Amino acid sequence: MTDEDRYGGYTPARATRFYIPLFLQAFAQSLTYPLVAAIVSHGRYGDETYAAYALGQNVMFMIGALGGGLVMTGMVFARTLAGYRSFIRMNTWMMCVLLGIQMLLSLPPFDTFLFKSFLNLPDHLVPIARRTLFWGFLMQGFFFLRNVPLVVLFNNRASAEATLATVVRIGITLLAPVPFVHYGLTGDMWGLAATTAACGVELVLSHVFARKFVRKLETAADFSTPEEDTSAFRQFRFTIPLSLGGFLLASSPFLIATFVNRTADGVQMLALHYATIGLANPVSYGAFRMQAVAIQFPPEYDGDRRVVRYAVCAGLLLGLIPLVAALPGVSDWYFHTVQNIPAQNVRFAQIVMCCYAAWPVFQCVRGHAEGHAAWLKQTSAILVGQIAHASTIVLALTLAWHLGMPGWTMGCAALFCATLATIAAIKTALRFFGARRA
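If you count by the working numbering, then the sequence shown holds residues 1 to 438, one letter each, in order.
The hints are simulated quantities; they were obtained by calculation from the structure and are not laboratory data.
Some clues are possibly wrong.
Label-pair distances were calculated between CB atoms; the ranges are [as the list claims (entries may be wrong)]:
1) R347 x N120: 21 to 29 Å
2) R347 x F432: 42 to 50 Å
3) H402 x L174: 39 to 47 Å
4) P122 x T11: 33 to 41 Å
5) P122 x D304: 53 to 61 Å
6) T92 x C354: 40 to 48 Å
7) P328 x P122: 27 to 35 Å
8) G404 x L174: 38 to 46 Å
Quick list of in silico lysine-lysine cross-link-like pairs, DSS-like style, CA-CA up to 30 Å [said to hold, decoys possible]:
9) K216 x K377
10) K377 x K427
11) K427 x K212
None of these values were measured; they are calculated from a predicted model.
Every residue gets a Cβ at the ideal spot worked out from N, C-alpha and C, and that includes glycine.
Modelling step: build the complete structure from the supplied sequences, incorporating the hints.
Here is the structure:
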């Protein structure tokens, strides 16, 4: 990549060269979870094992989402050596606190209340969710440690290097189910072990790829202005709204599971929801990386809407991916053979995947809105959007419940409504707070 590509203004080609590796990284990263499901769902209780495993991971991701704004914070502040070092300190503090909370929630009496009383898991599935949450602390720690090299790579538009590390991770995860299932190494703990090992390799490679940019940062002159505050406390204050919003955002699967598990054939419907969202999420997360594009290619003049149009076009192309999963041969193989979903439920999965084809467009636009708000340093607008997301999820699920919608439709409908509400809330909040850099 040339210096002009690395630091130049927006062109569709530059944006694409930056965005495609980001999309592939997020897509591959999220895809590791349904791939590991092949190991987990062949455990003692079949697809119910994966439902409990996924619930444990949902709680883990919801806790980790309290640090979900750290990468965006680093992209704004960690551009000088002082800002970079402050970011490392803040990232370490948050990692230690949140890992402590995660382990605490996996111990009595919190685990019983969480998984049995609140989430309504049957007694035989509670230990699976508990073990997943407790032993997931290692994988969670890898995610936090990975924030540091990711920020360095993204700030240097070295998204291809970041993606390569994730490609290695997905390669390991892709190969893992074959020997694991063949030798009978199935169930929740073996699935977690495969995922954690792959994440550890990704972390090491990310640090290796970022090392040259860190050395460059350590020898470069400090171009920050005297009045600019890049301290760990200033970065913490910046990331609080992002973290609170990330927590609300990550609560969505938790809330959906609470409602779906109380419908007719609740555990079966929950397994079906996790199987479909497991394929939709990789595309959705990849689309959401439009955040980074908005930060790296901010408006160059008043009324500059080029990146917004780019986001819509990207979303339309990405929407073709879920349609492939709805094709009869593909859906039968993946949902029935790999995910162990009963044959009579596969047609429901096909319908849901067709609906999810529109979601990437909304996610690309939403990612741009959040990235633009972060560039303006108006994180309150992002928090408003994420409050709208969580509130709409609850309202949509409550309405679906009262209308008697089947469990397999509830998650998709609620996520669509929530994503659109988030976009509208962020746009409205930016007008209210003033769309200018703080």
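Right, here's what the structure says about each hint:
Distance hint check for R347 and N120: the Cβ-Cβ separation is about 26 Å, which falls inside the suggested range of 21 to 29 Å. One distance hint, 42 to 50 Å for the beta-carbon pair R347 and F432, holds here, with the actual separation near 45 Å. The beta-carbon spacing between H402 and L174, approximately 42 Å, falls within the hinted interval of 39 to 47 Å. In this structure the hint that P122 and T11 lie 33 to 41 Å apart at CB is violated, the actual value being about 55 Å.
The hinted window of 53 to 61 Å between P122 and D304 holds, with their beta carbons roughly 54 Å apart. Taking the beta carbon of each, T92 and C354 are about 44 Å apart, inside 40 to 48 Å as hinted. A C-beta distance of roughly 33 Å is found between P328 and P122, which places it inside the suggested range of 27 to 35 Å. The beta-carbon spacing between G404 and L174, approximately 40 Å, falls within the hinted interval of 38 to 46 Å.
Under the criterion of a C-alpha separation no larger than 30 Å, the hint pairing K216 with K377 is consistent with the structure, at around 26 Å. Distance check on the hinted pair: K377 and K427 sit about 14 Å apart at the alpha-carbon level, within 30 Å; holds. A distance of roughly 38 Å separates the Cα atoms of K427 and K212; the hinted pair therefore is violated under the 30 Å criterion.
Hint violations for this structure: numbers 4 and 11, all remaining hints satisfied.
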